[in-house]
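Taking the hints into account, I'd like the entire structure generated from these sequences.
Protein sequence lines, in the order shown, are assigned to chains A, B and C.
Going by our numbering, the residue at position 25 of the first sequence is 25; the numbering climbs one at a time, nothing skipped.
Going by our numbering, the residue at position 99 of the second sequence is 99; the numbering climbs one at a time, nothing skipped.
Going by our numbering, the residue at position 1 of the third sequence is 1; the numbering climbs one at a time, nothing skipped.
It should be emphasised that the hints constitute simulated quantities derived from the structure, not laboratory data.
Note that this is a predicted model, so its numbers are computed, not measured.
Certain hints may be false.
Calculated lysine to any residue pairs in the SDA-like style (CA-CA distance at most 25 Å, straight line) [as the list claims (entries may be wrong)]:
hint	chain 1	residue 1	chain 2	residue 2
1	A	K119	A	V291
2	B	K21	A	K236
3	A	K169	C	T102
4	A	K236	C	M58
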Amino acid sequence: MKDNFRQSMKWFHTWVGLIVGWILFFMFLTGTLGYFYQEITRWMEPERPFIEHNITNEQLLDTAQAYLNKHAQGIDGWDIYLPNVRDQNLRVGWRHPAEPGKKRGQYKIKVLDIDSGDKVASRATGGGRLLYRMHYRLHYLSTDISYWIVGFCSMLMLLAVITGVVIHKKIFSDFFTFRAKKGLPGWLDIHNVLSVIALPFHFMITYSGLLFFLFTYMALSTYLQTNDDEYREMRKEIYPRTAHLEKANQPAEMLDVSVLYQQTKTAWQDDDLSYVEMYATNDINAQVLFVRHETDITYNPADEVMINAVTGEVIAQQAKEYTGAGMIHNGFFSLHEGQFSGPLARWIYFFTGLIGTAMIASGLILWTTKRKPQQMKKSNGPDFGYRLVEQLNIGTIVGLPIAIAMYFYANRLLPLDMAERAAWEAHVMFISWAILLIYPAFRPGAKAWSEQLTLAALVYLALPLVNALTTDKHLGNSLPQQDWNFAGFDLTFLVVGGCFAFAAYKVKVLQASKRSSKQSGKQRVRQSKPPVLAASESLLSLQQVNKEKC
Amino acid sequence: MLVLTSLCFTAMVLFCLAMTKHREQVIVHEVSILAVHFFRPLAWLLLSFTAYLSVDMYGWSIGPALLFGALTIAILLLTLLLTYRAKIVPKLAIVMSLIAIISIFIS
Amino acid sequence: MSYLFTKFNLASPRWPVFSRILAATFGGYALATASSLFISQLLLNVVGKYQAIHIGLMLTFIVYACAAMWVFSVESASKAWMGLIKLTIFFTITTWLLMQFTGANS
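Quick look at the structure:
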């Protein structure tokens, strides 16, 4: 393309990053929120009680089993999820029998109130799951189409990561270099720093994202090499499952799960039970699988204990066997999802995800900053393409965070008995995003940045207030109760709102100084800081503040 | 995790000190050339120790993942400090490594 | 008619870029698929059939990425096309030869 390899890769990096940059921004931001999807779900069901302290696992298991015996008779498999750092409520779940014409029945989770032993009636919401599913299931599109779009974008992201490494001239000698300069060099440094410091993460998240749909994307190769049976067999080898007994259709009395739980104490020293799966319940073949919190990235047989629920004997399980390639494959999945991480590591995942999001944003802004001086000289104004990119940048980089806040607003403000309530939460989010995408078309660039940043600040700062007016899970209650899930949400909203307010203030100051310098006739246009730089500073400071929190 | 992050930070500071342009940012007075030659090997040594520690604490699978997370945070912190508060970097590195050493011995 | 000719000016620099995009997307995909067949045949007797296929598939994204980068780095679009086609044919023939050798029937 260009004279030398590095030059052509530079060209390639620019365009590969630009054409799907906004979808990638959407994927990275919603995916990053996914690291807290359980926490988000709990926040979006404010009817749930605060944490109950000093309750033993045995009591919890008794409560859960009593509820399941009462309400889930005739269902073959029960699951009990114990309260943990991520979700402090006791939950039970089971899969309903499949409706005719469907492969699998619906899986329902019920949150239990420990005092009454009954379920908590909470509002209809998509919760964190719906939000994080958007990053690979693009909500309104059909499954197949979204997987292919996501795959295409991920492939371009992978290319952008690799070409980015190729074109970075001094990756080691400029390792720590960040010059807080204005304009183009400043943006370039921001983009470089954000890319380099989390490079392993960027590569891992992109490559593992592609691996999730390996057989869909590489369907041709799979089809050429395997028939249906072989394909099924191969999948079994890659994703091995623990075997369990089928129902014998002979009713039998199960022992209490809390009693069976004592059996695990010889294997596990700590009381670190994560969840319990029960198969063939109230049958002679009934089995209970106790699973503690993960201690390995893929699978550690020592984390599971299977017990016969009728006799109380520990059943020696055959450990799942992974092939070498399967180990790598599943290892990448675990790294992508970060399920194994504790609270601190989860925050680090979250910030690294934000770094990725900010990297994409800075790359997009870099594109316009680079072309701005040339475009502004044109007699009939900037090109359509330039204006489109600028508009999409404003509408996505600031607009999407506002739209996500609207998702939370919808959760608190939509009428509780509304039909299709959960779906409307998402509709509200996408309608707001659409408005914010169109709005910058009618405003000059700098104005649109400052107005949307101000709006973002207001929206986030007001969220705790709305939470206080509509629920009893506000800071005044959550802090004394030390429920860091509910409290952490309100505090995070305040921090994010503060960052947006800071960015909006910076933009205002810059515009004012620009105007006054124009009036005084001084040619200092190049020195004035573009509003976008302030926006990125706010992103950086957001990460910094969040980091201090953990 | 905090131990890993602070050790990574100290290692990165050593790398930084081995580079002339950053050393001038951080330290006012001259450093003997002999000492400078030791910074980089020392940094690699510390980084290898941190890698060993992460594997020792969290196992072969989770350990390296957390190590990279800690590295990201450490470099981000260092980069921002170099730009805005370069002078406190050596002090902070000493304090952080002390905290790390103490917590290693406690646990 | 002449308007159309000027509109779709074949000498315009846009056409080679468009051609390269097609080469990277579809040619790259074909090459990646061929490479996965080749790798799985190569490893067939070392790690077993399913794992061999699996490894071949996992490496396709890397092959695909390299192919796309290569397409955009060579001097001309026709050279890019030729390179991709040659390499794809090479992989296919080698795979076929390997299949004769290993006696696999996939």
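| task | Kindly indicate which numbered hints from before are broken by the structure, ordering the numbers from low to high. | result | Per hint list: 2 and 3 violated.
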